[in-house]
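Asker: Chains as they are written, first to last, in the numbering used here: chain A, 3 to 128; chain B, 3 to 128; chain C, 3 to 128; chain D, 3 to 128.
In short, the hints are calculated from the structure, not lab data.
Treat the hints loosely; a few may be bogus.
[To be verified] Simulated coverage check for chain A against chain B, where a stretch passes if three residues somewhere in it have a Cβ under 8 Å from a Cβ of chain B: (1) 6–17; (2) 53–66; (3) 83–95.
[Said to hold, decoys possible] To give a feel for the contact side, a few chain D residues facing chain C, derived at Cβ under 10 Å: (4) Leu40; (5) Tyr55; (6) His75; (7) His107; (8) Ile123.
Just so you know, even glycine gets a beta-carbon here, dropped at the ideal spot from N, CA and C.
Now for the letters of each chain:
Number of protein chains: 4
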Amino acid sequence: MKSRSIGHRTWAIAEGYIPAESHGPGPEMTSHEAVCILNTNDRDAHVQVTVYYADREPVGPYELTIPARRVEHFRFNDFDRPEKIPRGTTYASLVESDVPVVVQHTRLDSRQAENALLSTIAFAAE
Amino acid sequence: MKSRSIGHRTWAIAEGYIPAESHGPGPEMTSHEAVCILNTNDRDAHVQVTVYYADREPVGPYELTIPARRVEHFRFNDFDRPEKIPRGTTYASLVESDVPVVVQHTRLDSRQAENALLSTIAFAAE
Amino acid sequence: MKSRSIGHRTWAIAEGYIPAESHGPGPEMTSHEAVCILNTNDRDAHVQVTVYYADREPVGPYELTIPARRVEHFRFNDFDRPEKIPRGTTYASLVESDVPVVVQHTRLDSRQAENALLSTIAFAAE
Amino acid sequence: MKSRSIGHRTWAIAEGYIPAESHGPGPEMTSHEAVCILNTNDRDAHVQVTVYYADREPVGPYELTIPARRVEHFRFNDFDRPEKIPRGTTYASLVESDVPVVVQHTRLDSRQAENALLSTIAFAAE
Chain A
3 MKSRSIGHRT
13 WAIAEGYIPA
23 ESHGPGPEMT
33 SHEAVCILNT
43 NDRDAHVQVT
53 VYYADREPVG
63 PYELTIPARR
73 VEHFRFNDFD
83 RPEKIPRGTT
93 YASLVESDVP
103 VVVQHTRLDS
113 RQAENALLST
123 IAFAAE
Chain B
3 MKSRSIGHRT
13 WAIAEGYIPA
23 ESHGPGPEMT
33 SHEAVCILNT
43 NDRDAHVQVT
53 VYYADREPVG
63 PYELTIPARR
73 VEHFRFNDFD
83 RPEKIPRGTT
93 YASLVESDVP
103 VVVQHTRLDS
113 RQAENALLST
123 IAFAAE
Chain C
3 MKSRSIGHRT
13 WAIAEGYIPA
23 ESHGPGPEMT
33 SHEAVCILNT
43 NDRDAHVQVT
53 VYYADREPVG
63 PYELTIPARR
73 VEHFRFNDFD
83 RPEKIPRGTT
93 YASLVESDVP
103 VVVQHTRLDS
113 RQAENALLST
123 IAFAAE
Chain D
3 MKSRSIGHRT
13 WAIAEGYIPA
23 ESHGPGPEMT
33 SHEAVCILNT
43 NDRDAHVQVT
53 VYYADREPVG
63 PYELTIPARR
73 VEHFRFNDFD
83 RPEKIPRGTT
93 YASLVESDVP
103 VVVQHTRLDS
113 RQAENALLST
123 IAFAAE
């Protein structure tokens with residue numbers, strides 16, 4: 003398998019929202035936000051995510067590693083260091099990698115585990 | 003948190019539509035169109051939105067401010083100066099900022115408040 | 003309103019499909035494919051659409067005009083010259099304009115008239 | 003019909019998932035992932051797809067041919083050489099063509115055959 007390096011180092015996802023647990027009519031309406039990162043390089047990608055909010059300073063970095071030649075989903079619901087992302091809040095995320103990667107934003111339907119309801123390529127900034 | 007300036011100054015959203023209140027089978031089918039703007043800069047973004055229609059001259063500018071290092075959702079339903087966007091009408095929007103920003107178009111499900119049904123990165127024009 | 007010229011002259015939409023009328027469980031499942039074109043210029047945009055198929059030669063051009071400073075939706079279901087697009091068939095479309103425009107592909111829910119279920123920015127080719 | 007060559011030679015789709023057959027409440031919830039490839043050239047496009055996983059080495063190439071001036075849908079569910087894509091597994095795909103093509107990722111609703119629920123333009127890498 004020949005070596006490849008596809009994508010960009012900086013990506014932005016302007017739209018994010020994790021519903022409050024008690025807000026919807028039931029668990030079947032709960033969705034999970036995820037960022038999907040493809041690393042085609044022959045070395046690991048070290049990624050830092052910064053989370054922006056409407057009414058307070060950005061929080062981060064959240065540190066992620068995607069091994070060489072792998073793709074991984076990371077659920078924003080599971081982010082916990084430096085802190086959890088509050089439910090019922092609008093947020094955005096900036097994804098910065100030390101090697102080129104491809105980033106997609108997905109919203110997952112909890113009824114179908116990993117089956118995305120919505121998927122948008124992130125904005126490739128540089 | 004180091005200073006960043008991510009995105010573009012001009013964005014276009016070709017597809018917009020706010021349903022007429024009485025058109026659908028009920029409020030659970032009513033959606034809300036929003037523009038989501040991420041400002042990663044260390045200064046406020048001053049944004050002007052121009053709304054284009056199928057059968058009359060464009061209207062604007064609608065003036066928005068996104069504070070430094072913040073993300074904000076703006077609902078087209080709430081735009082009222084210089085005038086409201088009529089319901090049941092196709093429109094497009096041009097978003098122009100004095101600093102680089104990232105723009106996403108979302109359609110929100112009123113059953114779930116801020117939970118997007120559809121989300122598309124806007125067209126980055128320059 | 004100052005003059006603007008936003009977008010590209012060539013766009014491609016790789017994915018298209020108009021369901022066969024009798025295929026779904028009823029009209030509430032029938033969708034309408036549309037191309038949404040924003041012309042921010044101070045002159046009319048003359049657009050030629052070429053439709054590509056899986057098993058025969060491309061058909062076109064379909065001729066569209068978007069007046070200066072207007073946005074318009076065109077339903078593929080209504081295209082009829084040089085010929086109708088057959089139902090139940092996969093197709094793609096190439097959109098070529100004499101001035102820069104912004105093109106979005108939408109799938110409309112017939113229950114809600116113009117309310118898009120799915121919307122994707124087209125591929126800006128040049 | 004004049005000759006055209008629209009698109010890019012390398013595309014990436016970061017997000018992919020084929021549900022496990024027995025996972026959902028029934029066939030009406032089963033979706034089919036597809037890659038839609040438009041070849042506007044006057045010669046055939048020879049395409050190699052590499053599939054990336056979360057926990058093992060990438061697999062490929064899967065070989066596809068899109069005839070000159072045609073568009074085709076390929077279902078990931080049907081990929082079988084060098085091997086099937088396992089159900090219930092996250093994957094990504096890298097699409098490499100010998101001529102420029104346009105690539106879109108779609109998720110199809112099995113209730114409506116070819117009627118996409120979700121469609122995202124792939125990431126155009128070069």
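Asker: Taking the hints in turn, state whether each one holds.
Answerer: To see whether the hints hold, each was checked on the structure:
1. 6–17: Per the Cβ count (5), the hint holds.
2. 53–66: Coverage by chain B holds for the stretch 53–66 of chain A (7 residues, Cβ < 8 Å).
3. 83–95: Our answer is that it holds, as 4 residues pass the Cβ test (under 8 Å) against chain B, meeting three.
4. Leu40: Since chain C brings a Cβ to about 4 Å from D/Leu40, closer than 10 Å, the hint holds.
5. Tyr55: violated, 25 Å
6. His75: Hint on D/His75: holds, closest Cβ of chain C at ~6 Å, below 10 Å.
7. His107: holds, 9 Å
8. Ile123: Where the cut-off is 10 Å and the nearest Cβ of chain C is about 6 Å from D/Ile123, the hint holds.
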